[in-house]
Amino acid sequence: NAGVTQTPKFQVLKTGQSMTLQCAQDMNHEYMSWYRQDPGMGLRLIHYSVGAGITDQGEVPNGYNVSRSTTEDFPLRLLSAAPSQTSVYFCASSYYGKSTDTQYFGPGTRLTVL
Amino acid sequence: QQPVQSPQAVILREGEDAVINCSSSKALYSVHWYRQKHGEAPVFLMILLKGGEQKGHEKISASFNEKKQQSSLYLTASQLSYSGTYFCGTAMTTDSWGKLQFGAGTQVVVTP
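Just so you know, the protein sequences line up as chains A and B, in that order. Here our numbering is used: position 9 in the first sequence is 9, and no number is missing along the way. For our numbering, add 114 to where a residue sits in the second sequence, where the first one is 1.
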């Protein structure tokens, strides 16, 4: 199992550019989530999905779009990048409602918006 | 609402003990503890479920006080490898594993 994979690992964008952060998991998890991590603020939930075709907003969704066409993939789209979106982005996956397991995190994407 | 972690940082000598607390103003179903090394992803340590369960992983253990809605992580006889930032993630229901709310983290530095 590769677990949760994310691409790219690093990205530099100019203000106004768009891009997609890729996330994939091979554990057949129903739940997939995107978090951003800023210094001193812990992890904040952007969007999440409980299955293919079902997505919902988290705590900080503005400026981001998601879709989930398959169980395995959950891409995060930045439509018009802003410097405030400079952060480390983590994708995570988990089983839905399984109390003996937890979320597994990908290695992260470090994004800088100039 | 995000849980509150304390302390923000702690410096230990190898072999010393430390306690990290995670408190919520809302009723919790579970508390998830992670450790993150600099530049890496958070790594899962353990889950505490409603019911005051206590768990352990080597010399790291945790408890969950349902009455206080507080979880504590105990680092016993700390090792250099324990250095990192510890986060608690909380869930209110059984089906909210994918939308954990995380505390701001506690930075732990273990020195020789």
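Do not take every clue at face value.
Said to hold, decoys possible - Computed from the model, here is a short list of chain A residues facing chain B with C-beta under 10 Å:
1. Tyr31
2. Leu43
3. Tyr48
4. Glu59
5. Asn62
6. Ala92
7. Asp101
8. Phe105
9. Gly106
Stated by the list, open to error - Under 10 Å between C-beta atoms, here's a sample of chain A residues computed to sit facing chain B:
10. Met32
11. Leu45
12. Arg110
These are computed hints drawn from the structure, not numbers from a lab. Here the structure is a predicted model, which means the values were calculated and not measured. No residue lacks a Cβ here, since even glycine has one placed at the ideal position from N, Cα and C.
Consistency of the hints with the structure:
1. Tyr31: holds, 3 Å
2. Leu43: Constraint on leucine 43(A) satisfied, holds at 4 Å.
3. Tyr48: With Cβ-Cβ at 5 Å, under 10 Å, it holds.
4. Glu59: holds, 8 Å
5. Asn62: Status violated, d = 17 Å.
6. Ala92: holds, 7 Å
7. Asp101: holds, 8 Å
8. Phe105: holds, 4 Å
9. Gly106: OK, holds: glycine 106(A) within 10 Å of chain B, min 6 Å.
10. Met32: holds, 7 Å
11. Leu45: holds, 5 Å
12. Arg110: Holds, about 9 Å.
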